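Colleague: Sequence:
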Amino acid sequence: MTGTPLRLLTGTIAGLVSLAVILLAPDRVFAGVTLVVVAWAAVEWFRLCGLAPCQIWPWVVATIALAIGWQALWPSGQLVWLMAVVAAVWLALFAAQLRHRRERPANRPFWLRRGVGLIILPLFWLALVEVHAAPDGEWLLVFGILVVVVADSLAYFAGRAFGRRKLAPMISPGKSIEGVLGGLAGVAVLAAIGAVLPLFLATPSWLLALWCVLVALASVGGDLEESRLKREAGAKDSGRILPGHGGVLDRLDGQFAAMPLWWLGLWQMQLLGG
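Quick note: the sequence shown uses this note's numbering, first residue 9, plus one each step.
Please keep in mind that the hints were generated in silico from the structure rather than gathered at the bench. What you are looking at is a predicted structure, and each value in this text was computed from that prediction instead of being measured. Where a beta carbon is used, it is the ideal one built from N, C-alpha and C, also for glycine. Careful: at least some of the hints might be erroneous.
Claimed, not checked - Simulated DEER-style distance windows between Cβ atoms:
hint	residue 1	residue 2	range
1	Cys62	Ala200	49 to 57 Å
2	Pro34	Arg172	44 to 52 Å
3	Arg116	Val204	38 to 46 Å
Please build the complete structure, drawing on both the sequences and the hints.
Modeller: Next comes the structure, spelled out in structure tokens:
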């Protein structure tokens, strides 16, 4: 089995396993499982940053240490500052990507790419764990993930059907402005559905829609950043662990940027408890 059928099968299995872990695993188990996933993503990230296999592991250990350290030492009520920092990092990355829409950007220094990984990977994990631990956190996390999945899936189909203007052809030639707009339209429908769910009954519909759109846009930035990282490394995929998808980074690129912003949205909507 190859091509699209293999991709669909892998995606379906990965989705069902992820859903089971989110909904059924206690907070500590969820934190442990997702930390393993982030550690493997770190392996792929730092491999793309020009490190030899024997040099990667200290960076992976540093990523895990930062994730656990931030969770242990940073008061939950003040996490907004950490999440704001990582959101600002993603905004800067997205701005840089759009700046080089039609010209091939110069390769960034290795130290910069590695430093970005040390910020975004631990804070992605921290956002996952903190959302999951909130009241109704399992379902809040599922909804946030769905925002990215809907945006990505509808962007793909809208881009194939209507795509004319490329979003950033020198970074990710397959992405189109029409595709992004199609993805945002799907997210708007998802937000309308979410507005009538018990999870968001106390949240103004316009506010939920605003944060869903922002999260969807952030996921586009995550996708482009991973594409740029692979181009700088001269790699087609970040890894080969997921048949039909490549690596963990290839599968979760949009989520890395989206989840900290989703945490910020839930915090602003006062849905995290505490």
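Colleague: Next, verify each hint and record whether it holds.
Modeller: Going through the hints against the structure:
In this structure the hint that Cys62 and Ala200 lie 49 to 57 Å apart at CB holds, the actual value being about 51 Å. Between Pro34 and Arg172 the CB atoms are about 49 Å apart, so this pair conforms to the stated range of 44 to 52 Å. Remark: the range hint 38 to 46 Å for Arg116 to Val204 is upheld by a beta-carbon distance near 44 Å.
Figure legend: structure checked against the earlier numbered hints; every hint is met.
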